[in-house]
Structures are given as structure tokens and as C-alpha cells.
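Residues per chain, in single letters:
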Amino acid sequence: MTNSMALSWLLLIPLVLSLVAFASRWFRSATRFAAEAAHLLSVTLVLAFSLWAVREVLLLGSIFELSNWLHLDSLGAVFLLIIGVVGFLVGIYSIGYTRHDLETGEFDNVRLSTYYGLFNLFLFTMILVITSNNIIMMWAAVEATTLGSAFLVGIYRHPSSLEAAWKYIIICTVGVAFGLYGTVLVYSDAFNVMQIPGNAILWTEIIKNTQALDPTLIKMAFVFVLVGFGTKAGLFPMHAWLPDAHSEAPSPVSAMLSAVLLNCALFVIFRFATISNLVLGVSFAQTLFLIFGTISVAAAAFFMYVQRDIKRLLAYSSMENIGLILLAFGIGGPAGIFAGLLQAVNHSLVKSLMFCTSGNILIKYRSRNLDQVKGMLQVIPFSSVLMMIGALALVGVPPFNIFLSKFFIITTGLGAGYLWLMILCLLCLTVVFAAFFRVIVAALFGAKPDETVKGEANWLTLAPGAVLILLILMLGLYIPSPLMNLLNGASGMMLTGALSHSLALITMKNILSPLARLIP
Amino acid sequence: MSSVTLVNSLTGLLILTSLLVIEIKRPRWSALMYSLQSIVLVSIFAILAYVTGTNQLYLWAASAFLTKVVLVPWILYTALKRVGDPEKPRNVMGTTFSFLLAAVAVTVSFIVVNQIALKAAEPFKPALAISMAHFFFGELCILTQRNLFKQILGFCLMENGSHLTLALLAFNAPELVEIGIATDAVFGVIIMVVLGQQIYKNLGTLDTADLTTLKG
Numbered sequence: 001m002t003n004s005m006a007l008s009w010l011l012l013i014p015l016v017l018s019l020v021a022f023a024s025r026w027f028r029s030a031t032r033f034a035a036e037a038a039h040l041l042s043v044t045l046v047l048a049f050s051l052w053a054v055r056e057v058l059l060l061g062s063i064f065e066l067s068n069w070l071h072l073d074s075l076g077a078v079f080l081l082i083i084g085v086v087g088f089l090v091g092i093y094s095i096g097y098t099r100h101d102l103e104t105g106e107f108d109n110v111r112l113s114t115y116y117g118l119f120n121l122f123l124f125t126m127i128l129v130i131t132s133n134n135i136i137m138m139w140a141a142v143e144a145t146t147l148g149s150a151f152l153v154g155i156y157r158h159p160s161s162l163e164a165a166w167k168y169i170i171i172c173t174v175g176v177a178f179g180l181y182g183t184v185l186v187y188s189d190a191f192n193v194m195q196i197p198g199n200a201i202l203w204t205e206i207i208k209n210t211q212a213l214d215p216t217l218i219k220m221a222f223v224f225v226l227v228g229f230g231t232k233a234g235l236f237p238m239h240a241w242l243p244d245a246h247s248e249a250p251s252p253v254s255a256m257l258s259a260v261l262l263n264c265a266l267f268v269i270f271r272f273a274t275i276s277n278l279v280l281g282v283s284f285a286q287t288l289f290l291i292f293g294t295i296s297v298a299a300a301a302f303f304m305y306v307q308r309d310i311k312r313l314l315a316y317s318s319m320e321n322i323g324l325i326l327l328a329f330g331i332g333g334p335a336g337i338f339a340g341l342l343q344a345v346n347h348s349l350v351k352s353l354m355f356c357t358s359g360n361i362l363i364k365y366r367s368r369n370l371d372q373v374k375g376m377l378q379v380i381p382f383s384s385v386l387m388m389i390g391a392l393a394l395v396g397v398p399p400f401n402i403f404l405s406k407f408f409i410i411t412t413g414l415g416a417g418y419l420w421l422m423i424l425c426l427l428c429l430t431v432v433f434a435a436f437f438r439v440i441v442a443a444l445f446g447a448k449p450d451e452t453v454k455g456e457a458n459w460l461t462l463a464p465g466a467v468l469i470l471l472i473l474m475l476g477l478y479i480p481s482p483l484m485n486l487l488n489g490a491s492g493m494m495l496t497g498a499l500s501h502s503l504a505l506i507t508m509k510n511i512l513s514p515l516a517r518l519i520p
Numbered sequence: 001m002s003s004v005t006l007v008n009s010l011t012g013l014l015i016l017t018s019l020l021v022i023e024i025k026r027p028r029w030s031a032l033m034y035s036l037q038s039i040v041l042v043s044i045f046a047i048l049a050y051v052t053g054t055n056q057l058y059l060w061a062a063s064a065f066l067t068k069v070v071l072v073p074w075i076l077y078t079a080l081k082r083v084g085d086p087e088k089p090r091n092v093m094g095t096t097f098s099f100l101l102a103a104v105a106v107t108v109s110f111i112v113v114n115q116i117a118l119k120a121a122e123p124f125k126p127a128l129a130i131s132m133a134h135f136f137f138g139e140l141c142i143l144t145q146r147n148l149f150k151q152i153l154g155f156c157l158m159e160n161g162s163h164l165t166l167a168l169l170a171f172n173a174p175e176l177v178e179i180g181i182a183t184d185a186v187f188g189v190i191i192m193v194v195l196g197q198q199i200y201k202n203l204g205t206l207d208t209a210d211l212t213t214l215k216g
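Just so you know, the protein sequences line up as chains A and B, in that order. Using this note's numbering, read the first sequence as starting at 1 and increasing by one per residue. Using this note's numbering, read the second sequence as starting at 1 and increasing by one per residue.
Treat each hint with caution, since some may be false.
[What the hints assert, rightly or not] Under the rule of at most 25 Å between Cα atoms (straight-line distance), these lysine-lysine pairs were calculated in the DSS-like manner:
1) A:K374 - A:K448
2) A:K454 - A:K374
3) A:K219 - B:K119
4) B:K119 - A:K208
5) B:K125 - A:K219
Hints are computed from structural coordinates only; laboratory data are not their basis.
Could you put together the complete structure from these sequences and hints?
In C-alpha cells:
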């Protein structure tokens with residue numbers, strides 16, 4: 001335990017700077033400058049403090065703040081790292097993207113300040129989800145992510161984006177309300193055992209007392225939690241809002257929704273899965289994960305195959321990847337959880353790259369439909385390369401990062417005896433591959449429409465993509481040891497409830513050894 | 001009548017007011033019915049505070065009075081005045097069928113609540129079952145009503161259900177928790193109302209059946 005202030009700063013910075021961004025509308029001619037400056041400062045400091053907090057977790061095992069209401073352990077650190085890195089890169093991309101919207105008149109200064117205010121508020125709510133040790137506050141934070149991002153989805157006020165925002169807020173609020181039921185049941189049960197309200201509400205205290213919790217109640221609570229927060233994570237069949245919201249939002253927001261928000265919802269499910277694992281044994285949560293994971297992957301593959309809208313394709317791909325992460329957790333064991341978390345990290349990087357690139361397509365073609373988007377290589381060559389690499393990475397081609405995690409999921413599944421499930425999974429991944437191949441070929445090649453002018457929008461819409469590609473390539477070849485330790489610590493924690501990170505269990509050698517056997 | 005019986009009976013009134021919120025024709029009247037329901041909820045909180053000797057629950061009652069009896073209905077009522085309070089479009093299903101579903105929700109909730117073995121909740125099991133059923137009523141309202149504002153009221157009903165469950169099971173939780181949840185609920189309504197008004201302004205409709213651009 002430590003008296004670090006990293007988590008408090010992490011929450012305070014985006015909250016205060018979001019208010020500054022909101023207020024910038026009254027700065028008249030300086031509105032754009034003030035809003036962008038507040039935003040840039042916020043995403044940069046969030047990255048810096050995330051790295052600081054992650055470092056402390058690596059050194060100390062876990063950190064607590066504000067009378068233990070805030071907490072970060074290895075599992076939280078993995079997700080905080082995603083928020084920090086993706087938040088920063090997509091934040092930079094946002095500046096380039098919204099400047100273009102200002103030029104075309106899609107945004108005025110007031111809407112720009114609203115955008116940056118909401119973006120950073122959204123960032124704050126997601127950090128609160130990850131760092132909250134108080135389980136009911138964690139629920140409130142998840143609900144707040146919906147409220148913070150609904151206006152972002154509908155910010156263009158087009159009929160379709162308003163419709164998407166409405167569906168998003170209604171479906172997610174209803175879903176997350178189920179999560180509240182699960183949360184309250186866990187709290188009441190913990191209070192019954194512990195008799196101290198201030199402790200029964202803290203996740204770290206609940207997992208110390210799991211032996212006395214009521215199994216029937218925890219079973220019921222976990223089902224509520226999985227359905228509730230699963231809605232927010234976009235699991236099939238509660239996914240209806242996801243393709244609409246992710247495709248209608250401005251592209252940087254789509255990136256944040258897909259690459260960060262879905263993970264936050266999964267994180268909450270994993271927190272409760274740890275309780276369920278300790279009370280009921282691992283098989284209860286694992287079975288549910290296998291069922292929801294498999295049907296989500298299969299359904300997403302089907303939807304992807306019939307898509308002609310690039311952003312909807314990417315949205316369904318997020319559903320497929322979330323399903324895959326859950327499937328890995330369903331396979332279970334240290335290796336399954338490790339593989340699932342690695343997939344979460346990898347997917348978030350690739351998906352933010354893809355959504356940012358789809359934003360560049362929208363800027364140029366003013367359309368996401370494949371009937372209109374053609375000849376990208378001639379029109380926006382740099383974005384085309386970003387998209388090509390992103391798509392290859394997304395379908396799991398080596399040497400990019402997702403290959404490694406998908407490969408590890410499949411080999412772990414085979415090792416655990418899930419032969420038929422893995423065959424089904426590979427079939428679905430083949431369909432996904434075909435869907436992407438079709439889209440990429442159609443968009444990159446062919447004759448460009450006459451009215452489309454060649455040239456990229458501005459360098460700010462490209463630079464974050466280039467950095468993401470470096471990260472994607474690096475994680476495909478080598479996983480740095482701090483990340484390795486976090487992933488191992490997180491999987492150990494989920495299985496045993498031990499807060500300090502365990503010794504490294506899985507190594508790069510474990511991941512690649514089946515491959516070594518395949519290559520003579 | 002003992003206070004415990006009084007609490008359990010008052011929750012019966014919640015069912016009645018919920019059905020009124022769902023089935024009344026004009027959304028503006030539904031907003032008033034919601035306010036009426038919140039008065040019942042506030043009374044339940046106050047009685048619970050008295051029975052359990054939990055001072056915190058008096059605070060819950062006071063904040064629920066401000067937000068649910070006054071603020072939220074007022075926001076909805078004035079917003080509906082602004083959009084002209086169009087009579088609700090035809091429902092997805094008939095009233096009789098809605099009532100049948102409501103009965104099913106109550107039955108299921110009683111069965112589920114019977115499985116719960118919590119000492120603190122033992123005397124209030126009927127109330128707990130109704131709070132859970134309430135939550136399903138809200139969902140029923142969202143699923144069966146095509147008017148955007150009626151869907152917001154559905155959210156409010158769900159929220160009342162959750163609030164009562166919290167009061168019965170987690171009344172001793174730290175104060176900040178209740179404040180967090182109440183803030184979420186009020187902001188939820190405000191954001192939905194603003195979004196509903198934007199939809200009305202840009203699309204000229206409050207009927208969800210007209211929101212059909214996004215498919216596939």
C-alpha cells in the first residue's frame with residue numbers, strides 16, 4: 001500500500017480540463033486555441049500519470065488512495081495503460097479531425113468546445129471505472145460513461161447520428177441497470193458477512209471474505225452483471241446499439257468507444273468474475289464466458305460478411321474481438337486469461353488505428369459506403385498504407401500484434417481440449433478475413449470518383465496512425481517485460497484474488513512454442 | 001398495521017402508479033403520475049428510516065423528494081410543453097397484453113426474491129420483489145412505448161425500482177454512493193430530454209417507429 005496521488009491526479013486532470021474546454025466557448029476569438037490547449041494538456045497529462053500509476057503498480061503490486069475508494073492493481077493497470085495510450089493518440093488525431101470539421105462548417109466554435117469538453121469528461125468517467133474500488137461507484141461510473149458519450153455520438157445532429165445516440169443511451173442505460181442489481185446483491189451479501197458498510201462496498205475487502213459469501217446469491221448477481229455490463233461491452237445478443245453508435249459517432253469518438261470503452265465494460269465483468277471464481281470456483285464464470293464469447297464471435301462474423309459500410313464493418317469487428325477476449329477468459333487458466341488480456345491490448349491499438357483511418361476516408365470521400373469509396377491508393381496514399389497494415393493486423397496476419405494473441409488463444413484452447421470450439425472459431429475468423437479482404441481491395445483499388453481531390457487532410461490525422469503502427473509492429477515481435485509482468489499479475493489475481501503481482505508465469509517462449517513445433 | 005406491513009402495502013401503490021405512467025395517453029399526464037409515484041417512494045423511504053432507525057434514509061427521502069417529485073417531473077413536463085405534447089402514437093402492443101406481462105414480471109420477481117437469503121431483507125421480501133418487478137415495468141415501458149418521452153419515463157420507472165432495492169438492501173452504504181447514483185439518474189433524464197428535443201427539432205417526430213435510418 002502507498003500514499004501515491006497518481007490516481008487522484010488522473011481523475012482530477014481530465015475533469016478540470018474538460019470544464020475549461022466547455023468554458024472556452026466564452027473566450028470568443030481564442031475559443032479554438034483554448035479548447036485545443038486544454039484538450040492537449042489533458043490527454044498528455046493523462047498519459048503521463050497513467051504511466052506513473054502503472055509503474056507504481058509494477059513496483060508495489062497495487063495502490064490505494066482516498067480511504068481505499070480508489071485502487072489500481074495489475075488488471076486495472078493493463079486497462080489504464082490502454083486508456084492512457086489510446087486516449088493520447090486518438091486525442092491528437094481529434095485535433096486534426098475537428099480542424100477539418102471547422103473548415104467545412106460541420107463544427108462551429110461552440111460545438112468544438114462541447115466536443116473537447118465531452119471528450120475529456122468521457123476520459124474521466126472511463127478512468128473512474130478502472131480505478132474505482134467502491135463497487136457501486138464503479139457502476140455509477142459505467143453509467144456516467146454512457147451519459148458522457150451519448151452527446152458525442154450525436155454531436156453532428158444528423159438524423160442518423162441522433163437516432164444512433166438515442167438507441168445507445170436507451171439500450172445501455174437499461175442494460176447497465178441490470179448491472180446495478182448484480183452490484184447491489186453482491187454488496188448486500190458482503191454486508192451480511194462483514195457487517196461494516198464501509199468495507200462491504202470495497203472490492204478489495206469483498207475478495208478477502210469470499211469464503212463466507214452466499215453462492216446462490218453470487219451466482220444470481222454474476223448473471224445480472226454479465227447481462228448488464230455485457231450490454232455495454234457489446235456482447236451478442238445485447239449488441240444492437242454498438243454498430244449504430246460506433247459508426248455514427250465522429251471517427252475519433254468511434255475509436256474511443258471501440259478501443260477503450262468496450263474494454264472498460266469488460267473490466268467490470270472481470271472484477272465480478274474474480275469474486276465469482278473465488279466463491280463458486282472458476283467453472284461457472286468460464287462456462288458463461290465461453291457461451292457469450294462464441295456466439296458473439298459467430299454473430300459478428302456473419303454481420304461483417306454482409307457489410308458495405310466501412311465503419312459498421314469495424315464496429316462488428318469490435319464485437320468479434322470482444323467475443324474473442326471473452327472466449328479466451330472462458331478457456332481459462334493463467335494462459336487463457338493472459339491471452340485474453342493480450343488480445344484486449346492488441347485490439348485496442350489496431351482498432352484505434354482503423355477508426356482514425358476511416359475518419360481520413362470520410363474526410364475525403366464524405367462517405368463510408370464501398371460503392372463510393374474507391375481508388376484510395378491514388379487519393380490518400382499514406383492513409384491507404386495505414387489502413388492496409390491495420391486490416392492485415394486486425395485479421396491476424398504475422399508479424400503484427402493480433403497474430404500473436406489470436407494464435408495464443410487458439411493454441412491455449414486446443415491445449416485445454418476445446419478442439420471443436422477452436423475449429424468453429426477458426427472458421428469464423430476465416431469469414432472475418434474474407435470480409436476484410438473484400439472491403440480493402442474494393443476501397444484501395446479502382447478508379448477514384450471524379451469529384452474527389454487527391455491529398456491528405458493534415459499531418460495531425462496521420463501522425464498518430466504512424467505511431468500506432470510502430471506499436472502494433474513492436475508488440476507483434478516482442479512484448480516488453482513490464483507489460484508481461486502486468487499480464488501475468490492480472491491473470492494470477494483473477495484466479496487467486498492475490499493483489500500483488502505474481503512471478504512471471506507465461507513468457508514469449510510459451511506463446512511461440514507451438515509455432516516452433518510447426519516449423520521444422 | 002405495523003410499519004413493515006405498511007411498507008409492503010405501499011409498494012403495491014407503486015405498481016398501480018407505474019401502470020398509470022405506462023398506459024395514460026398524454027405523456028404530460030404520465031409525467032405527473034410519475035411525480036405521484038415518487039411521493040409514494042419518498043413515504044416508503046421515510047417509513048423505512050423510522051423502522052430501521054437509519055437517519056441516512058431520511059436524507060434519501062429528502063433528496064428523492066427534490067429530484068423525483070419535483071425536479072424530474074418538472075423537466076419532463078416543461079420539455080413536453082415545448083414540443084407540443086403530441087398524443088402518444090399507437091403502442092407496440094395492447095393494454096391487456098401489457099398488463100399480462102406486468103403480472104408475469106411480478107410473479108417472476110417473487111420467485112427470484114424467494115431464493116435470496118439475506119437477513120436484512122427478510123421482513124421486506126414482498127417490497128423487494130415489487131422493487132424488482134418495478135425494474136421490469138420500466139423495461140416494459142421502454143419496449144412497448146413508441147413515444148421518446150414515454151421511453152424516458154420508462155427509464156425513470158426502472159430507476160425508482162433500483163432506488164427502492166438500494167434502500168432495502170444497501171441503505172447503510174456510504175452517503176456518497178447515493179449521491180452518485182442520484183446524480184447519474186438526474187443527468188440521465190436531462191441528457192435524454194435534450195436528445196429527445198434535438199430529435200424532435202431535426203426529425204419532426206417523437207415516434208421511435210420513424211427512427212429507421214440505421215439497419216443491418
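- Which hint numbers does the structure go against, in order from smallest to largest? none
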